[in-house]
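**Q** Please model the entire structure based on the sequences and the hints provided.
The listed protein sequences correspond, in order, to chains A and B. The numbering of the first sequence is my numbering, which starts it at 14 and goes up by one. The numbering of the second sequence is my numbering, which starts it at 14 and goes up by one.
Just so you know, these hints were derived from the structure itself, not from any lab. Please read these numbers as outputs of a predicted model, since none were measured by experiment.
Heads up, incomplete: computed chain B residues facing chain A, CB under 7 Å, no partners named: (1) V72; (2) T129; (3) E265; (4) C295.
Result set (EDC-like, lysine to aspartate or glutamate): computed pairs, CA atoms no more than 16 Å apart in a straight line: (5) A:K349 to A:E328; (6) B:K18 to A:D155; (7) B:K20 to A:E280; (8) B:K111 to B:E280; (9) B:K20 to A:E278.
Sample of chain B residues at the chain A side, in silico, Cβ under 7 Å: (10) M23; (11) I68; (12) C69; (13) P263; (14) E277.
Here a beta-carbon is modelled for each residue, glycine too, at the ideal position from N, C-alpha and C.
Number of protein chains: 2
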Amino acid sequence: MISEKMKPLMENNSAIRTMFEEGDKMRAKYGRDQVYDFSLGNPDAPTPPEVNQAICDIVKEEPDLILHGYMSNAGFEDVRETIAQHINKTQGTNFSMKNILMTVGAASGLNVALKTILNPGEEVVIFTPYFLEYNWYVNNFDGAVVQAKTEPTTFQPDLAAFESCISDRTRVVLINSPHNPTGVVYSEETIKGIASILEKKQKELNRTIFIIADEPYRELAYDGINVPYVTKYYDNTIVAYSYSKSLSLPGERIGYLVIPDELEESELVFDTASNANRIIGCVNAPSLQQKVIGRCVDAKVDLSYYDKNRKALYEGLKECGFECIMPQGAFYLFVKSPVEDEAEFCQAAKKYNILMVPGSAFAGPGYVRLAYCVSYETIVNSMPGFKKLAAEYGL
Amino acid sequence: MISEKMKPLMENNSAIRTMFEEGDKMRAKYGRDQVYDFSLGNPDAPTPPEVNQAICDIVKEEPDLILHGYMSNAGFEDVRETIAQHINKTQGTNFSMKNILMTVGAASGLNVALKTILNPGEEVVIFTPYFLEYNWYVNNFDGAVVQAKTEPTTFQPDLAAFESCISDRTRVVLINSPHNPTGVVYSEETIKGIASILEKKQKELNRTIFIIADEPYRELAYDGINVPYVTKYYDNTIVAYSYSKSLSLPGERIGYLVIPDELEESELVFDTASNANRIIGCVNAPSLQQKVIGRCVDAKVDLSYYDKNRKALYEGLKECGFECIMPQGAFYLFVKSPVEDEAEFCQAAKKYNILMVPGSAFAGPGYVRLAYCVSYETIVNSMPGFKKLAAEYGL
Numbered sequence: 014m015i016s017e018k019m020k021p022l023m024e025n026n027s028a029i030r031t032m033f034e035e036g037d038k039m040r041a042k043y044g045r046d047q048v049y050d051f052s053l054g055n056p057d058a059p060t061p062p063e064v065n066q067a068i069c070d071i072v073k074e075e076p077d078l079i080l081h082g083y084m085s086n087a088g089f090e091d092v093r094e095t096i097a098q099h100i101n102k103t104q105g106t107n108f109s110m111k112n113i114l115m116t117v118g119a120a121s122g123l124n125v126a127l128k129t130i131l132n133p134g135e136e137v138v139i140f141t142p143y144f145l146e147y148n149w150y151v152n153n154f155d156g157a158v159v160q161a162k163t164e165p166t167t168f169q170p171d172l173a174a175f176e177s178c179i180s181d182r183t184r185v186v187l188i189n190s191p192h193n194p195t196g197v198v199y200s201e202e203t204i205k206g207i208a209s210i211l212e213k214k215q216k217e218l219n220r221t222i223f224i225i226a227d228e229p230y231r232e233l234a235y236d237g238i239n240v241p242y243v244t245k246y247y248d249n250t251i252v253a254y255s256y257s258k259s260l261s262l263p264g265e266r267i268g269y270l271v272i273p274d275e276l277e278e279s280e281l282v283f284d285t286a287s288n289a290n291r292i293i294g295c296v297n298a299p300s301l302q303q304k305v306i307g308r309c310v311d312a313k314v315d316l317s318y319y320d321k322n323r324k325a326l327y328e329g330l331k332e333c334g335f336e337c338i339m340p341q342g343a344f345y346l347f348v349k350s351p352v353e354d355e356a357e358f359c360q361a362a363k364k365y366n367i368l369m370v371p372g373s374a375f376a377g378p379g380y381v382r383l384a385y386c387v388s389y390e391t392i393v394n395s396m397p398g399f400k401k402l403a404a405e406y407g408l
Numbered sequence: 014m015i016s017e018k019m020k021p022l023m024e025n026n027s028a029i030r031t032m033f034e035e036g037d038k039m040r041a042k043y044g045r046d047q048v049y050d051f052s053l054g055n056p057d058a059p060t061p062p063e064v065n066q067a068i069c070d071i072v073k074e075e076p077d078l079i080l081h082g083y084m085s086n087a088g089f090e091d092v093r094e095t096i097a098q099h100i101n102k103t104q105g106t107n108f109s110m111k112n113i114l115m116t117v118g119a120a121s122g123l124n125v126a127l128k129t130i131l132n133p134g135e136e137v138v139i140f141t142p143y144f145l146e147y148n149w150y151v152n153n154f155d156g157a158v159v160q161a162k163t164e165p166t167t168f169q170p171d172l173a174a175f176e177s178c179i180s181d182r183t184r185v186v187l188i189n190s191p192h193n194p195t196g197v198v199y200s201e202e203t204i205k206g207i208a209s210i211l212e213k214k215q216k217e218l219n220r221t222i223f224i225i226a227d228e229p230y231r232e233l234a235y236d237g238i239n240v241p242y243v244t245k246y247y248d249n250t251i252v253a254y255s256y257s258k259s260l261s262l263p264g265e266r267i268g269y270l271v272i273p274d275e276l277e278e279s280e281l282v283f284d285t286a287s288n289a290n291r292i293i294g295c296v297n298a299p300s301l302q303q304k305v306i307g308r309c310v311d312a313k314v315d316l317s318y319y320d321k322n323r324k325a326l327y328e329g330l331k332e333c334g335f336e337c338i339m340p341q342g343a344f345y346l347f348v349k350s351p352v353e354d355e356a357e358f359c360q361a362a363k364k365y366n367i368l369m370v371p372g373s374a375f376a377g378p379g380y381v382r383l384a385y386c387v388s389y390e391t392i393v394n395s396m397p398g399f400k401k402l403a404a405e406y407g408l
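**A** Right under this line is the structure:
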């Protein structure tokens, strides 16, 4: 009954579903607080109180038919201008509303961007490991993913390997920093290195290559680390942003694309992306949530909520003898499996009611991903289990 | 810079933009209330007060992380069950939450449905005239639109012509009732006729053919006319619904798909559609608006607002001598152009500050569409202009 293109995706989906169902069974059997579920990247820091206040204020203050009505497919102009000025203030850029396109979260923003610029058969280079749903988005437009490897210990891009991945079919380089699943933040040096290779390749191949910077975790960066704003280093950059993590609003589906003036034929690309937003069926980002962002542009979840978890989990695992790098951003820890087959390691962890995702689900075999967007207690209470697990592997 | 697939769509878009810009220029020159703009299908009946009340209540009563958080890609289970029961109550169906998939409006719902079932090269049969954005959606999945003609005076499907449109490549018949741009409601006889042809063709061709019933105007049906619920007449029916018109919430992007148990491999199709919702980048319908629907499932805009306009415009135009059928639903009137080239007629109307859309924009040449989702005053005040326009054409 279902389309040929969806069939393989549904098979993959059953595997994920099986994992969820297993977690549910465990919770039913042992009790919710006795299961240490690190499998889901679901933001759980409290939504800033400004958000709900803004919702009530807006509903009282704004005329219904405008608030709930259609606007330009790119979004409300006042909201777009507010966001542009906010980025300018925090990143030293020079955007205005004509560079900001409101989208149904970053996932839809990525689809809008790819619909706008990607032709069938063209290549999208992505650094491993990575969020495998990117494959779906590229597949939506019949593009091909080319995996570029990263340095084995730092997960920063291997620039020589990256350069060899660029071909006369490359259309997009998709980067994600702070990074899912490693928690790495790409350094300024890395961004400059990527940019300089792409500048050279654009000339050499006489074609435009875009960076799409997927940045839903931009605000989740710890210890004051700098997350370079990619448009400042490479002209043909489109940024995809989401408020899912910065405001703990993932269900509301609100985000934006940045299409800078410096991007080639910027105005045409922007207009085309606005239309793509319509053509893929979104039409526009949800109107009330756009207005919420207009009023809450400075709001942020309490970063210390995740930071406390980050430190506790990292330190706890290191103490057990596990090998991992300290994440600089996002809410994930990428831990080296003590055995090559990390699925076996995940299976063993279930004995201690610990749920983790095999790195192969992120094109990163030999590792496991732990999402620490959980309660602090979950982390503390999971530690005896991790200790036993480590002992099992002779750590 | 832009993808090959988007290029032709952008050319078409410039024509629409030119029309809007012309309207804006007119408004600037003559004043907003001196321009009679019937070009936009933008709901303008007041949003029912229950909606804003529900928004404020929900924000106060529901836990933030659930309210604004991720849920199943199909939507909140309680909301889906509420909607299922509402349809059962009003239509005599037998749905439950497992038949209801929340979507980012009907436009996205249609894309989810097509992503789920349509293969490249397969055909989607659509009755003319029709909302041409359907072409985009079919094109998103590399399908082909086959236009089926309707009866010249009633715009009810010509069943003999329809039957000849069904081939061994037909996958979907897309119907829309109440209808944009004609305001026609498909009678029970019509729906039965379509269903019986499809039953026969499914057997004859040994393939599954789906009806997708796009029903954003379902609640806008006048004089108590019955709008048959298509799932009751044909098993392989998917309904796409939106609250854009029934609650005047088009900017909020909230709607649903109905995938009945009777549909072949219903469960697989439902699961695939849930995943398609994720894969096209929507992930889920906006969470707060889902909850709003859960509380406002019985709310409706005041139908008399549009009905008054419908009668005034229809009677006014008939009095002028124009030829049109009385619309039974939606908020459009499809008027026969007094000359073959309806673009010329639209151009002539601009002299009287009247803006209408040429029927060719709906694959319905020789007609013009007037959207009467405008103030009553706009209709009354436009009449002297229509009289002069009629006189120009010797009516």
